[in-house]
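Asker: Start from the sequences, fold in the hints, and give me the full structure.
As they're listed, the protein sequences go chains A and B.
For the first sequence, the working numbering begins at 1 and goes up steadily by one.
For the second sequence, the working numbering begins at 358 and goes up steadily by one.
Calculated from the structure, these hints are not laboratory results.
Here a beta-carbon is modelled for each residue, glycine too, at the ideal position from N, C-alpha and C.
Hints are not guaranteed to be accurate.
[What the hints assert, rightly or not] Now the stretches of chain A that chain B is said to cover, found in silico as 3 or more residues with beta-carbon under 8 Å:
#1 269-276
#2 285-296
[Stated by the list, open to error] Pairs of lysine-lysine, PhoX-like flavour, derived with a Cα cap of 25 Å:
#3 B/Lys386 to A/Lys128
#4 B/Lys386 to A/Lys126
#5 A/Lys264 to A/Lys276
#6 B/Lys386 to A/Lys224
#7 A/Lys116 to B/Lys386
#8 A/Lys177 to A/Lys148
#9 B/Lys386 to A/Lys264
#10 B/Lys447 to A/Lys224
#11 B/Lys391 to A/Lys264
#12 A/Lys276 to A/Lys224
#13 B/Lys386 to B/Lys364
[What the hints assert, rightly or not] If you anchor each label on the Cβ, the simulated ranges turn out as follows:
#14 B/Pro382 to A/Ala273: 25 to 33 Å
#15 A/Lys72 to B/Pro378: 49 to 57 Å
#16 B/Gly380 to A/Asn286: 41 to 49 Å
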Amino acid sequence: MSKNHGHKPFEGHMHDFEAHIKAVEEDLEYYRAKRFEPRVIYLLRRGVVTFYDLLKARMALKRKNQFFRPRKPQGTNIEARVRYLEEWLDEYVKGIALVSARAVEAMDMVTEDNRKERGDYDDFFKIKMREHKGTLEERMVNLEQDLKEYQEVLEVFVQALVVRGWASREELERRWKALHEERPWNGGIIVAKAWTDRAFKSALLNTGREALREFDIHQGKAGKLVVVENTDSVHHVVVCTLCSCYPYDILGDTPWWYKHDVYKTRIVQNPRAVVKEMFGLEIPDNKEVQVHDSTSDIRYFVLPQRPKGTEGMSEEDLAKLITVDSLIGAGLALEPSQLKEAEHSGAAPEMPRVRPD
Amino acid sequence: MDSANCKFKVGDPVSVAPENPSGNPRTPKYIRGKRGVIGGVHGLLENPTDHRGIYQPLYTVRFDLSEVSTCHDQDSIWVDVHEEWLSGLKAEERN
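Answerer: This is the structure:
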């Protein structure tokens, strides 16, 4: 979360290795402590799997049964190594999705159970997250070790589910394959369409998901969708202070800072100062900042304002101006000159992964 | 959007209960005991992958930033709150 010059639309583009590594560190701990281990503990408490199952599964685990096989790059090219860690994290996240789906079905576990188990409502249950220190090189080496260890626990857990009859290898293989078929990121397409098509915009603001179905855009199913429109008098910002609710089924993985306690705590205390400090975004005094705390069944995203100088641009080109930050209110849509500059320097925005529902 | 059986309508002043009346935990601490105004009515929402059963009718409540924080900017915080957490305020209780 670096303080930065005027406008910072490209959270962690590839030239900023430090930002990429920070994102991997934060996400890795988030997924371990918030998505994976609480589910394991939930199932342990209920005897669905036991510690002894895990020990036995560790002994029985064979290399050929392992799901993750990230390919380590040759040599010392730092960009390739960063990509490798990112890919590995992504495999870990997919692995968690793999076992969560099975755990959910086997145990009739709902998201709310997981939130309680991981301490969203009670600090007593919080699982401690590791801090990362040292030089960039040390942090990369540590990350590789963490990923190796976390992956092993996950593999062991999968094996234990199989041994206990909660899942079959064939079924898991099928799911694993499906998890690798990512959906396109539709954030830009949705906004560009809303900017150019009044009927769609009105439907999107009034009916949320329904509008997406009508226009044949994948509409997801994670709760009710509300889209809030930025205007000359209002700037919207989205947060989920209790957990990290987000329309991930449409917009894909959340940026790491969205799930971070610093953002979640501070944005509802002093929103104007926080968007300036954290994202370099200055909101003019004549605009009201409205923060939406997504605390229940509604997921929000922001419809940013259309930048000046975009008259006559095609929907396809307009879509390129949309960053993830601009859909959360942590940024604005790019101006065409900013996009051109970014493309010129090889720092075009990276779009998040959208996983199958 | 089924709002026929909802107790409050847009514009109604409300206050948030200081404590959890029924065990539904989806109300953050920083708005408990605070006053706001109904900004949206969503009715009963089904969300079976998220939680069991159906919570009470859901509202979006608008709070002045200065009501929930020490910051005095003219900004606002909008939070989704279930009916069981809310009680109505008479106009004279608003201040």
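Asker: Next step is simple, just say for each hint if it's right about the structure.
Answerer: Cross-check of the supplied hints:
1. Note: the segment 269-276 of chain A has 5 residues with beta-carbon separation from chain B under 8 Å; the three-residue rule is met and the coverage holds.
2. Only when three residues or more bring their CB closer than 8 Å to a CB of chain B does the claim for the segment 285-296 of chain A stand; here the count is 9, and the claim holds.
3. Of the pairs offered as hints, the one joining B/Lys386 and A/Lys128 holds, with about 22 Å between alpha carbons and a cut-off of 25 Å not exceeded.
4. Annotation: proposed proximity of B/Lys386 to A/Lys126 holds, straight-line Cα distance about 17 Å (limit 25 Å).
5. Between A/Lys264 and A/Lys276 the alpha-carbon distance is near 15 Å, which keeps this suggested pair within the 25 Å criterion.
6. A distance of roughly 23 Å separates the Cα atoms of B/Lys386 and A/Lys224; the hinted pair therefore holds under the 25 Å criterion.
7. With a C-alpha separation of about 15 Å, the suggested pairing of A/Lys116 with B/Lys386 holds against the 25 Å cut-off.
8. Only pairs whose Cα atoms come within 25 Å are accepted, and A/Lys177 paired with A/Lys148 is accepted, the gap being roughly 21 Å.
9. Only pairs whose Cα atoms come within 25 Å are accepted, and B/Lys386 paired with A/Lys264 is accepted, the gap being roughly 13 Å.
10. With a CA separation close to 31 Å, the supplied pair B/Lys447 and A/Lys224 exceeds the 25 Å bound.
11. Between the alpha carbons of B/Lys391 and A/Lys264 the distance comes to roughly 19 Å, so the proposed pair stays at or under 25 Å and holds.
12. For the given pair, A/Lys276 sits about 30 Å from A/Lys224 by alpha-carbon distance, which is inconsistent with the 25 Å threshold.
13. A threshold of 25 Å between alpha carbons decides the hint, and for B/Lys386 with B/Lys364 the separation of about 23 Å falls inside it, so the pair holds.
14. The hinted window of 25 to 33 Å between B/Pro382 and A/Ala273 holds, with their beta carbons roughly 29 Å apart.
15. Taking 49 to 57 Å as the suggested C-beta distance range, the pair A/Lys72 and B/Pro378 conforms, at roughly 55 Å.
16. A hinted range of 41 to 49 Å holds for the C-beta pair B/Gly380 and A/Asn286, which are about 43 Å apart.
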